[in-house]
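Asks: Numbering-wise, this note's numbering comes out as the position in the sequence shown, counting from 1, plus 466.
The set of hints was computed from the structure by calculation and includes no laboratory data. Keep in mind that the hints are not guaranteed to be accurate.
[Claimed, not checked] Derived lysine-lysine pairs resembling PhoX-like cross-links, with alpha carbons at most 25 Å apart:
hint	residue 1	residue 2
1	520	555
2	472	555
3	534	558
4	493	472
5	573	558
6	493	534
7	493	563
8	563	520
9	492	563
10	492	534
11	492	520
12	563	472
13	573	563
14	534	563
15	520	573
16	520	558
17	573	555
18	520	472
19	492	558
20	555	534
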Amino acid sequence: LTAMSKHNFSIAEIVEVNVHHCLLVKKGMSIANVSRIVSHVQALIQCNMTCRRKWPHIPTDEYEDTAKAAADLANGRLHGSTAVIASLKAAKMYDLKVLERNIEDSKYNFTRFIVATRRTGL
467 LTAMSKHNFS IAEIVEVNVH HCLLVKKGMS IANVSRIVSH VQALIQCNMT CRRKWPHIPT
527 DEYEDTAKAA ADLANGRLHG STAVIASLKA AKMYDLKVLE RNIEDSKYNF TRFIVATRRT
587 GL
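Just need the whole structure built from these sequences, with the hints factored in.
Replies: See the structure below:
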């Protein structure tokens, strides 16, 4: 909110999207091979309890973006023993294996997006 207040814009629309997260790995990998889980901080927060309950021995690390984490795993920028939390669409786009679907802690996992337009003349 602080960053937004520095800009001159109007809110055109507010959209809520039901977000579902998956645990993704490179093909041929299993959970036994995973040494860390990475994702955007918000995805890590939204999946925190599931990760702690199911994979308590695997550390989690923040990454700048869920889709970028998937892309970087697919193209070798992330070590092959890394798992990422990202969408099913990212798994399909980057040809990654889905170890588990819907790992978000709440089945009502909505994220609010703001559609903004630039305000002129103020």
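Asks: Hints first: check each against the structure and report whether it holds.
Replies: Against the structure, the hints:
1. 520 / 555: 23 Å, holds
2. 472 / 555: Violated, at roughly 33 Å.
3. 534 / 558: 14 Å, holds
4. 493 / 472: Violated - the C-alpha atoms of residue 472 and residue 493 are around 44 Å apart, more than 25 Å.
5. 573 / 558: 22 Å, holds
6. 493 / 534: 18 Å, holds
7. 493 / 563: 5 Å, holds
8. 563 / 520: 18 Å, holds
9. 492 / 563: 6 Å, holds
10. 492 / 534: 14 Å, holds
11. 492 / 520: Status holds; Cα separation ~19 Å.
12. 563 / 472: Measuring from Cα to Cα gives roughly 41 Å; hence the hint is violated.
13. 573 / 563: Within the cut-off at roughly 22 Å; holds.
14. 534 / 563: 16 Å, holds
15. 520 / 573: Holds: residue 520 and residue 573 sit about 17 Å apart, inside 25 Å.
16. 520 / 558: 24 Å, holds
17. 573 / 555: 18 Å, holds
18. 520 / 472: Distance ~41 Å between residue 520 and residue 472 Cα, so the pair is violated.
19. 492 / 558: Given pair residue 492, residue 558 holds - Cα atoms ~12 Å apart, limit 25 Å.
20. 555 / 534: Satisfied, since the Cα-Cα distance of roughly 13 Å is no more than 25 Å.
Hint compliance for this structure: hints 2, 4, 12 and 18 are not met, and every other hint is.
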